[in-house]
Amino acid sequence: MKAGVIRFAGSNCDFDAYNVLKDVFKFKTDFLWHKENIKEKYDIIILPGGFSYGDYLRPGAIARFSKVMEDVQKHLLQGRLIIGICNGFQILCEAQMLPGVLMRNKNMKFICSKQNLKVENSELSKKIGKNIINMPIAHADGNYFADNNVLEKLSEQNRIILKYSDQNGNTDRIYNPNGSSNNIAGIMNESKNVFGTMPHPERACDDFNSINDGKLFLESIFELYGRF
Amino acid sequence: MIKVRVYVEHKKGIVDPQGKAIKLGLENLGFLDIANVLTGKTIDVDFKHDNTQKALEDTKNMCEKMLSNPNMENYRIEKIN
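Chains as they are written, first to last, in the numbering used here: chain L, -2 to 225; chain F, -15 to 65.
It is possible that some hints are incorrect.
To be verified - Straight-line Cα separation of at most 20 Å, SDA-like style, residue types lysine to any residue; simulated pairs: (1) F:K4 to L:K64; (2) F:K4 to L:N104; (3) L:K123 to L:Y222; (4) L:K64 to F:M46; (5) F:K25 to L:M105; (6) L:K64 to L:N34; (7) F:K25 to L:Y53; (8) L:K64 to L:I35; (9) F:K(-5) to L:D144; (10) L:K103 to F:H(-6); (11) L:K103 to F:D0; (12) F:K(-4) to L:G176.
Since the hints were made in silico from the structure, they are not lab data.
Could you build the full structure based on these sequences and the hints that come with them?
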């Protein structure tokens, strides 16, 4: 199993993702530099969290035109797994590899907390073995927005993977930290190989952090949707 | 040399939390007649040449490709010199 973690100028969760892939999942893992083409084929490519290009213009708007993204598109078309976490999710939306956009949080604040999440996709929750998981969130622009047609399609096609909720899985508006449409915290593309999530699974993968739901979450995505 | 100004604005119906915060601040200052405050961005692009048509066309392309996001924003272009 071979995994790559892209480092954009301003990525700051690159080592978190790298360490988890290498030490927790025991994958052969490389860093991939944003200015270079990807020379090898990777089974998994992670776009990590951070503030690529200082979030200038819009989060992800400049990073999406990095040289490395041409090869991310090729990996996408070959059915390989692409996972964007936080800023990585924003970049995937800007690159139109996922629909919609992540706008400024409704309360204008940077939110950093542990977050209850309902695993909305039934395939995934079955694989994980529970419907509600807990992972950290840390973002200023996580307010997912898409027009009603897109939202309906996401829902119909079982492509919403995570929703903000309370510990019982209630997805009422009051449990929504950032104003996102339909409490959406994570989605996938139509061909089920591109994933975007605002919560940070890579920060919830070991016993030291007392939550390892991130490990279950990633493991389930790898096993269900990876082609290994 | 041509200078072009791009205005990027929120689409109608898109929540503008920054505008709402500014409105609150202005009301605290005593400006109580405000119905709405909307924020946006201006981006000035200076070209190296004098070809107006090319500058405007290029700027339109820049807006579609990068400077605005059609999910949430509209843009307007204006030649400023």
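Straight-line alpha-carbon gap K64 of chain L to M46 of chain F, limit 20 Å: 18 Å, holds
Given hint H(-6) of chain F paired with K103 of chain L - CA-CA distance at most 20 Å: Between K103 of chain L and H(-6) of chain F the Cα gap is close to 14 Å, so the pair holds against 20 Å.
Given pair status - Y53 of chain L, K25 of chain F, alpha carbons within 20 Å: Judged against 20 Å, a Cα distance of about 12 Å means the pair holds.
Distance restraint between K(-5) of chain F and D144 of chain L, which requires alpha-carbon spacing of 20 Å or less: 12 Å, holds
Satisfaction of hint between G176 of chain L and K(-4) of chain F, Cα-Cα up to 20 Å: This hinted pair holds, its Cα atoms lying about 17 Å apart.
Holds or violated: K25 of chain F to M105 of chain L, with C-alpha atoms at most 20 Å apart: 17 Å, holds
20 Å limit on alpha-carbon distance, applied to hinted pair K4 of chain F and K64 of chain L: Violated - the C-alpha atoms of K64 of chain L and K4 of chain F are around 38 Å apart, more than 20 Å.
Hint consistency between K123 of chain L and Y222 of chain L [alpha-carbon to alpha-carbon, up to 20 Å]: 14 Å, holds
Straight-line alpha-carbon gap K103 of chain L to D0 of chain F, limit 20 Å: Answer holds: K103 of chain L to D0 of chain F is near 8 Å, not above 20 Å.
Pairwise hint evaluation, N34 of chain L against K64 of chain L, where the allowed Cα distance is 20 Å at most: Answer holds: K64 of chain L to N34 of chain L is near 6 Å, not above 20 Å.
Pair hint K4 of chain F and N104 of chain L, alpha-carbon separation not exceeding 20 Å: This hinted pair holds, its Cα atoms lying about 10 Å apart.
20 Å limit on alpha-carbon distance, applied to hinted pair K64 of chain L and I35 of chain L: 9 Å, holds
The structure fails hint 1 only (numbered hints given earlier).
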